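Novice: Spelled out, the chains give:
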Amino acid sequence: MQQAYKVTGGDFVNAGKASSSVKGILKQLNVPAGLIKRVVVALYEAEVNVAAHAYSGDILVEIDSDQVHIRVADSGPGIEDIQMAMKEGFSTASKEVREMGFGAGMGLANIKKNSDTFHIASVPGEGTTVEIINKLTD
Amino acid sequence: MKACPTQAIRVRNGLAEIFEERCVDCGECCKACPVSAIIVEQDDFEDIFKYATRVALVPSVLIGQFPSQISTEEIFGSLKKLGFTHIFEIDSVVEKVQEGYHRFREAFEGSKPLISTFCPAIVRLIQVRFPSMVESLIRVKPPSDIAALHFKEELVGKGCAEDEIGMFYVTPCAAKIASVKSPVGEDRSVVSGVINMEFLYNKMLHIILNKEVEAQESETVNLTSKGILWSLTRGESRHQPGRCLAVDGISNVTQFLERLEEAEDSNIDFLELRACDESCAGGVLISGNRFLTVERLNGRAKKLPATVSIDGGGNSRGYDHQAYDLQPIPPRSMMVLDRDRSLALEKMKKIDELLKVLPGIDCAACGSPTCRSLAEDIVQDRAALSWCVFLQELYLRKGKLTLDEADRINATIWGKDRDYRSQSK
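Chain order of the listed sequences is A and B.
Okay, so the first sequence: first residue is 1 according to this note's numbering, each after it adds one.
Okay, so the second sequence: first residue is 139 according to this note's numbering, each after it adds one.
Read the hints as simulated data drawn from the structure, not as lab findings.
On a predicted model such as this, the values are computed, not experimentally measured, just so you know.
Treat the hints with care, as some may be off.
[Said to hold, decoys possible] Pairs of lysine to any residue, SDA-like flavour, derived with a Cα cap of 25 Å:
1. A:K37 with B:K494
2. A:K6 with B:E416
3. A:K87 with B:E396
4. A:K17 with B:M473
5. A:K17 with B:I489
6. B:K487 with A:R38
7. A:K113 with B:E491
8. B:K494 with A:I120
9. A:K135 with B:M473
10. A:K17 with A:I120
11. A:K113 with B:E399
12. A:K6 with B:E491
13. A:K37 with B:N390
14. A:K17 with B:E491
Input sequences plus hints: build the corresponding full structure.
Specialist: See the structure below:
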């Protein structure tokens with residue numbers, strides 16, 4: 001099944017709605033709690049990234065009985081140096097975002113840690129796409 | 139139906155039915171029902187006379203019920219008059235509970251925060267709705283159980299025959315009764331029976347107001363202000379190390395736990411969670427005003443020492459792991475649509491389809507609290523789409539349903555001979 005969500009840049013109040021919704025779905029599907037946590041953490045970090053850095057984003061979640069496939073595509077300034085961005089502690093977040101408690105520089109590393117397969121691509125000036133795949137084993 | 143935080147109630151044949159696997163015994167339904175159709179069972183009070191030694195295990199909120207002009211001596215005296223041979227205040231064992239918390243914390247290797255198991259409704263809520271958090275529950279028995287074990291040992295030590303000792307817990311809530319009857323984390327409770335506090339309060343007040351009581355000194359030693367206030371909001375959390383949070387009210391707790399599940403970094407060390415507003419002072423079986431109860435207990439606490447060391451003094455033995463530890467608490471998720479994930483996915487898709495045709499206003503005329511609940515019930519073969527009154531109207535217009543059939547359907551939900559359309563009284 002497919003679920004689609006929209007994220008607005010700068011909207012931290014609503015960032016987290018997608019991960020919350022997906023969490024509810026996975027609970028009903030009897031997915032083990034540890035796996036749910038991985039998916040939810042990865043998705044949450046991706047959502048917050050859109051809110052913190054981009055103008056807007058679209059999230060597509062495909063849930064099958066054996067895997068969860070998430071695609072987060074945003075319109076925004078993109079990432080100049082992906083290698084640097086993946087480093088823990090490195091952050092390009094603005095002062096305002098950091099003052100809110102976000103932008104610690106752990107986001108992308110956290111997503112990678114919590115996904116079985118992780119892809120990231122970006123065009124500076126246009127936007128970034130992140131793909132997260134998690135297998136659902138019992 | 140709508141008061142239930144886990145959507146466990148349905149109406150069938152005009153009566154409320156509770157889905158046991160979803161019920162957490164919080165008692166919100168009892169509080170909400172305008173005709174008191176939902177009651178909390180208790181043991182027959184006369185049962186106490188089966189025992190030679192009849193112990194009343196009393197929580198501090200019982201004392202807090204009575205107007206401040208009535209002394210605690212009169213309160214205990216009335217209990218003696220009713221037939222109890224011994225009265226023990228449960229809250230005198232909180233130092234043992236505290237010691238248990240310290241030891242659990244030291245040995246604990248899981249993720250923060252640690253969650254108190256004081257409130258049995260919350261333990262059940264976590265089992266059914268937040269099953270991933272059962273590992274964080276502190277596996278120390280609640281004060282009522284530890285008190286029962288401790289005082290029983292004391293009485294046996296003084297020469298009372300063990301099988302003639304009846305321990306009766308005076309309870310402010312349904313969840314406590316359930317935790318005695320079907321305990322979680324232990325095989326069976328050491329408590330012999332539970333007495334509904336509302337019931338007992340009436341009897342006690344009657345005796346006191348008719349001046350039939352002989353004032354009785356409290357037999358409890360080691361009672362402290364920490365103990366008296368333990369069962370009230372922040373009663374536990376203010377004594378725990380690190381960042382501690384106290385949340386009361388079951389909908390507040392549910393909201394908070396939802397948040398906690400999602401936040402990756404929770405720097406909270408200890409969570410005190412209570413299902414009732416103002417914790418036990420707001421219990422289902424408390425007749426007094428919860429705020430007044432809290433105020434009276436605060437007043438009583440001021441006259442007591444703050445804490446006491448449990449290694450000092452005759453009858454305090456410290457923490458007994460074997461007796462006081464809880465066994466691991468199992469998750470029993472109510473949210474799972476099906477054990478088989480492919481079937482669960484099918485059901486979920488069906489629910490989404492159903493939600494598109496249901497009106498989405500959660501009117502509950504179908505006997506389920508929300509449209510989503512009805513959709514779930516349909517998918518689990520516990521209800522039918524024709525139960526929705528809005529869809530019935532559509533079917534009637536299209537000739538797919540007759541008025542008689544509609545009446546019959548509504549009778550299975552709301553009962554026969556129920557004239558809900560008529561204005562006559």
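Novice: Please go over all the hints and tell whether each is borne out by the structure.
Specialist: Status of each hint after checking the structure:
Distance restraint check for K37 (chain A) and K494 (chain B): the Cα-Cα separation of roughly 29 Å exceeds the 25 Å cut-off, and the hinted pair is therefore not satisfied. For the given pair, K6 (chain A) sits about 39 Å from E416 (chain B) by alpha-carbon distance, which is inconsistent with the 25 Å threshold. This hinted pair does not check out: K87 (chain A) and E396 (chain B) have alpha carbons roughly 30 Å apart, beyond 25 Å. For the hint linking K17 (chain A) to M473 (chain B), the alpha-carbon distance of about 19 Å falls within 25 Å, and the restraint holds.
Restraint check for K17 (chain A) and I489 (chain B): satisfied, since their Cα atoms lie roughly 20 Å apart, inside the 25 Å limit. A hinted pair counts as satisfied when its Cα atoms are at most 25 Å apart, and K487 (chain B) with R38 (chain A) qualifies at roughly 23 Å. Taking the CA atoms of K113 (chain A) and E491 (chain B), the gap is about 35 Å. The hint is violated against a cut of 25 Å. Between K494 (chain B) and I120 (chain A) the CA atoms are separated by roughly 35 Å; this puts the pair beyond 25 Å, and the hint is violated.
Proposed proximity of K135 (chain A) and M473 (chain B) is supported: the alpha carbons are some 21 Å apart, at most 25 Å. With a C-alpha separation of about 22 Å, the suggested pairing of K17 (chain A) with I120 (chain A) holds against the 25 Å cut-off. Taken as a hint, the K113 (chain A) and E399 (chain B) pair is honoured in the structure, with Cα atoms around 18 Å apart against an allowance of 25 Å. Proximity of K6 (chain A) to E491 (chain B) is assessed by CA-CA distance (about 22 Å); at most 25 Å being required, the pair is judged to hold.
For the suggested pair K37 (chain A) and N390 (chain B), the alpha carbons sit about 22 Å apart, so the restraint of at most 25 Å is met. A C-alpha spacing of about 21 Å is found between K17 (chain A) and E491 (chain B), which places the hinted pair at or below 25 Å, so the restraint holds.
Hints 1, 2, 3, 7, 8, counting from the list given before, are not met by this structure.
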